[in-house]
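Whatever position you read off the sequence shown (first residue = 1), add 4 for my numbering.
It is possible that some hints are incorrect.
If you anchor each label on the Cβ, the simulated ranges turn out as follows [as the list claims (entries may be wrong)]:
| id | residue 1 | residue 2 | range |
| --- | --- | --- | --- |
| 1 | 74 | 154 | 22 to 28 Å |
| 2 | 35 | 98 | 27 to 33 Å |
| 3 | 192 | 240 | 18 to 24 Å |
| 4 | 72 | 40 | 23 to 29 Å |
| 5 | 256 | 85 | 39 to 45 Å |
| 6 | 71 | 13 | 18 to 24 Å |
| 7 | 81 | 153 | 39 to 45 Å |
| 8 | 275 | 132 | 31 to 37 Å |
| 9 | 193 | 232 | 25 to 31 Å |
Honestly, the hints are just simulated from the structure, not real lab data.
As the structure is a prediction and not an experimental result, all values here were calculated from the model.
Glycine residues also receive a C-beta, built at the ideal position from the N, C-alpha and C atoms.
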Amino acid sequence: MTHRLPPLNALKAFEAAARHLSVKKAAVELNVTPAAVSHQIRALEEYLGIQLFHRYNRALELTDAARVSLPKMREGFDCLAQAVERLRTHHSPGMLTVSAAPSFAGRWLMPRLHRFLVDHPEIDVRISARVRRISVDGKNDVAERATLESWLDDSDVAIIYGHGHYPGLHVTKLLELMLTPVCSPKLLEGEHPLRTPADLNHHMLLHDDTGDMYDGESFWDVWLKAANVSGIDINRGPHFSHAVLAVEAALEGMGVLASIPVLASDEIAAGRLVTPFELRVPLASAYYLVCQESAATRPAVAAFNNWLIAEAARLVAV
5 MTHRLPPLNA LKAFEAAARH LSVKKAAVEL NVTPAAVSHQ IRALEEYLGI QLFHRYNRAL
65 ELTDAARVSL PKMREGFDCL AQAVERLRTH HSPGMLTVSA APSFAGRWLM PRLHRFLVDH
125 PEIDVRISAR VRRISVDGKN DVAERATLES WLDDSDVAII YGHGHYPGLH VTKLLELMLT
185 PVCSPKLLEG EHPLRTPADL NHHMLLHDDT GDMYDGESFW DVWLKAANVS GIDINRGPHF
245 SHAVLAVEAA LEGMGVLASI PVLASDEIAA GRLVTPFELR VPLASAYYLV CQESAATRPA
305 VAAFNNWLIA EAARLVAV
C-alpha cells in the first residue's frame, strides 16, 4: 500500500523549526528566508489539517501531535541520509568501506593497510571498527548472521571472526587460526622462568574473552586440554573483552595470555612478545572475508579482497 507524502521541503522546514524551536534559526540552516520556512510550515499544517506549533511573540512551542511525530520524522530523515550515502558510495568506484572487529582492525589490518594504499592510491578506504553482536541464547550462527547483515548495511566488505556459513554472501576464508600462550620475553627469566606449562602457576593468567563470548569455551581451557595439563587455576587473572587490550597487557609484562598469535604477529616477529610453548591448537573459528555477491566484482572490492588474501598468505608462509 502506498501513501501520498507531503512535499519534502515542507517536512524539512517543520523538522528544522521543531529542532531549533525557531523559524529564524531553521531558515539559516536551510539557507532560505524565514518567510519561506513559515510558508512551508503553514502549507504542511493545511495539508495535514492539524496545527503543529503554538506561536507566541518570540517563541514557538510544539503541539502534542507534533511532539509525538517528531522522533519518527527525525528517524526518517536519518534513514534517507544513510540511503543517499550508500548510493553515493556505490556510485563511486573508488570508495571502499570495510567493517572489522576492533582487535583485528587495530592489530592486523592497520599495520598492513599502508601497502594497499600505496598500490591503490585511487581507492578511498574507510575502516569502520565494529563490535559484534553476542548471542544471549546460545545461537551463535544467528548472532553471526545478524552481525554481518548489520555490518554490510553500510559497508562494502566485512571481516568477521566466526564459522563461515553465510548463505547468499560471497565468503572467503582469510585466516585459519591457532591458539597458544604469548608473553613478554622477560617472563622467561627471573625467579620463576617460564619453561613448562606447570610454571604457569607462578604467573598471572591474562584472558582474551573472545573464546568465551563467541565459541562458548575459554582459550585457556582449550589450550590446557590440548596440552593435557591439569592443576592450573584458570579462574584467576584479569579478563579483556577485546584481544587488543589483552595483547597490550601481555606487552606490559602483566602476565601470560592465551590468545591468537596472528593478532600479535608483528610483536612476536620483533621479539616484543614470545610464544613460550610449541603447542598451537587449531580453532574451529577463523577470520572470513565477506561481501554481497553483487559487490564482489566491483573493482575496489575485488582489489581489496585480492590484496587481503595475498597478505594472509604471506603471513602463513613466514
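**Asked** Using the C-beta atoms of residue 192 and residue 240, is the stated range 18 to 24 Å upheld?
**Response** The hint (18 to 24 Å, Cβ to Cβ) holds, given that residue 192 and residue 240 are roughly 21 Å apart.
**Item:** Assessment of proposed distance window 22 to 28 Å (beta carbons of residue 74, residue 154)
**Value:** holds (26 Å)
**Request:** Determine whether the Cβ-Cβ distance between residue 256 and residue 85 falls within the hinted range of 39 to 45 Å.
**Result:** Taking Cβ atoms as reference, residue 256 and residue 85 lie about 42 Å apart, which means the hint holds.
**Request:** Kindly confirm whether 27 to 33 Å is satisfied by the beta carbon distance between residue 35 and residue 98.
**Result:** At roughly 30 Å between Cβ atoms, residue 98 and residue 35 fall inside 27 to 33 Å, so the hint holds.
**Prompt:** Are residue 71 and residue 13 spaced within 18 to 24 Å by their CB atoms?
**Reply:** holds (22 Å)
**Message:** Verify the CB-CB distance for residue 275 and residue 132 against the hinted window 31 to 37 Å.
**Reply:** holds (32 Å)
**Request:** Starting from the range 25 to 31 Å, see whether the pair residue 193 and residue 232 falls in it by beta-carbon distance.
**Result:** Holds - the Cβ-Cβ distance for residue 193 and residue 232, about 27 Å, lies within 25 to 31 Å.
**Request:** Using the Cβ atoms, figure out if residue 72 sits within 23 to 29 Å of residue 40.
**Result:** Since residue 72 and residue 40 have Cβ atoms about 26 Å apart, the given range 23 to 29 Å holds.
**Request:** Check the following: the C-beta atoms of residue 81 and residue 153 are separated by a distance inside 39 to 45 Å.
**Result:** violated (23 Å)
When the structure is compared with the earlier hints, a violation turns up for hint 7 alone.
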